[in-house]
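Please work from the sequences and hints to get the whole structure.
If you're matching them up, the sequences are chains A and B in order.
Under the working numbering, the first residue of the first sequence is numbered 1, with each subsequent residue one higher.
Under the working numbering, the first residue of the second sequence is numbered 1, with each subsequent residue one higher.
To be clear, the hints were calculated from the coordinates, so they are not data collected in a lab.
Cβ coordinates follow ideal geometry from the N, Cα and C atoms, glycine included.
Be careful, since some hints might not be right.
As the list claims (entries may be wrong) - According to the in silico footprint, chain A covers these stretches of chain B (three or more CB under 8 Å from chain A):
| no. | region |
| --- | --- |
| 1 | 6-12 |
| 2 | 17-27 |
| 3 | 60-72 |
| 4 | 80-86 |
Stated by the list, open to error - Short, incomplete list of chain B residues facing chain A, as computed with Cβ under 10 Å:
| no. | residue |
| --- | --- |
| 5 | F3 |
| 6 | F31 |
| 7 | T32 |
| 8 | L33 |
| 9 | M35 |
| 10 | R36 |
| 11 | D37 |
| 12 | Q39 |
| 13 | F41 |
| 14 | T43 |
| 15 | V44 |
| 16 | K49 |
| 17 | S50 |
| 18 | G52 |
| 19 | L53 |
| 20 | D77 |
Unchecked claim - Taking lysine-lysine and the DSS-like style, the derived pairs with C-alpha atoms no more than 30 Å apart in a straight line are:
| no. | chain 1 | residue 1 | chain 2 | residue 2 |
| --- | --- | --- | --- | --- |
| 21 | B | K65 | B | K49 |
| 22 | A | K149 | A | K111 |
| 23 | B | K49 | A | K98 |
| 24 | A | K80 | A | K149 |
| 25 | B | K49 | A | K54 |
| 26 | B | K49 | A | K128 |
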Amino acid sequence: MSNSAFIPPNVLPPLLQKFAPLLKRKWFRELVLLWPTLTRRRFSNKTEDYGVFKPSLVGHFGQLAVYVQDIARSRIWYQKVAGLTHSRTSDPEPHPSKPGWTLRACYMSAKEHDECLVLLEERDPSGKMSVPSGMSFFHFALEVEGNRKEDVFAFAAQQKRDGFHLNYGPVQHNSEPPDGDGETGGNVACYLYDPDWHNVEFCGAMDTIENYRARYGDKKGSDRN
Amino acid sequence: MNFLSFGHYHHDMCLVLHRSLQLDNNSMLSFTLAMRDGQAFDTVLSRAKSMGLAVREGRLLASAKPVARAFSIQDPDRHWIEIILEN
Chain A
1 MSNSAFIPPN VLPPLLQKFA PLLKRKWFRE LVLLWPTLTR RRFSNKTEDY
51 GVFKPSLVGH FGQLAVYVQD IARSRIWYQK VAGLTHSRTS DPEPHPSKPG
101 WTLRACYMSA KEHDECLVLL EERDPSGKMS VPSGMSFFHF ALEVEGNRKE
151 DVFAFAAQQK RDGFHLNYGP VQHNSEPPDG DGETGGNVAC YLYDPDWHNV
201 EFCGAMDTIE NYRARYGDKK GSDRN
Chain B
1 MNFLSFGHYH HDMCLVLHRS LQLDNNSMLS FTLAMRDGQA FDTVLSRAKS
51 MGLAVREGRL LASAKPVARA FSIQDPDRHW IEIILEN
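Below, the structure written as structure tokens:
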């Protein structure tokens, strides 16, 4: 399945994708961070510990609405890769924040989450289709059915067998060998670009607040390595 | 990166700062947060108004399924965030 010809600047170049598995090695992570550390431009890639002291007002994510160039192409991709099902596609409707522009919305559902994803074709007042910039978010994530480490690895293997390219992973977002990449959250994940270069994470087995604290206690930042 | 949790998982959202890439809103229209209950919905609505945010009533997409209550606001990067109370 082809991707859009326009490649957003945040898409990982193929050469870097080849090196990405080395992030599972601590020496490589230190090497990557050496120059920004020496020049004091390093961003911590670890969140400092936080406390959730009272229940969140938010229950869960309801929906994500992303722009696509071709609903039919994207619908097939999300059906094949993510196993989402098509709920309905709307007639063109006014854009909620751009006067004169229109949207057509394709609603996709997961087994346990009705209409979790909306694929939007956007047209300007002349009827010309917009090209999604790929620059509104880093990635979004879908939880793999089963939600275990082995489920994500099996999902990744299946995608490869089906001819879909993983741009990263499968890895585990912590510092534990052999699959840890030094990130945080504990989730096991692999990433694929959809036809519009939206980076989609497929994940499972994320730490909960409780087992994250049990794992790291009071350790902060790089002390967790 | 700044990780935010809804109270169970380690994170549900992550705010990512990149030194050089320029963000826009041309690949995502919105994301929707479902509130825990009516009181949580009212609290967020009240906070948004007290912050002087422009509040857009109702669902952002005319074709979206009706819910009990809904409004939308924009965050500092102009991302549309839809706040809903499910039926």
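Checked hints:
| no. | hint | in the structure |
| --- | --- | --- |
| 1 | 6-12 | holds (count 7) |
| 2 | 17-27 | holds (count 10) |
| 3 | 60-72 | holds (count 7) |
| 4 | 80-86 | holds (count 4) |
| 5 | F3 | 4 Å, holds |
| 6 | F31 | 5 Å, holds |
| 7 | T32 | 4 Å, holds |
| 8 | L33 | 5 Å, holds |
| 9 | M35 | 6 Å, holds |
| 10 | R36 | 4 Å, holds |
| 11 | D37 | 8 Å, holds |
| 12 | Q39 | 9 Å, holds |
| 13 | F41 | 8 Å, holds |
| 14 | T43 | 6 Å, holds |
| 15 | V44 | 6 Å, holds |
| 16 | K49 | 15 Å, violated |
| 17 | S50 | 15 Å, violated |
| 18 | G52 | 18 Å, violated |
| 19 | L53 | 14 Å, violated |
| 20 | D77 | 9 Å, holds |
| 21 | B/K65 with B/K49 | 25 Å, holds |
| 22 | A/K149 with A/K111 | 20 Å, holds |
| 23 | B/K49 with A/K98 | 23 Å, holds |
| 24 | A/K80 with A/K149 | 21 Å, holds |
| 25 | B/K49 with A/K54 | 22 Å, holds |
| 26 | B/K49 with A/K128 | 36 Å, violated |
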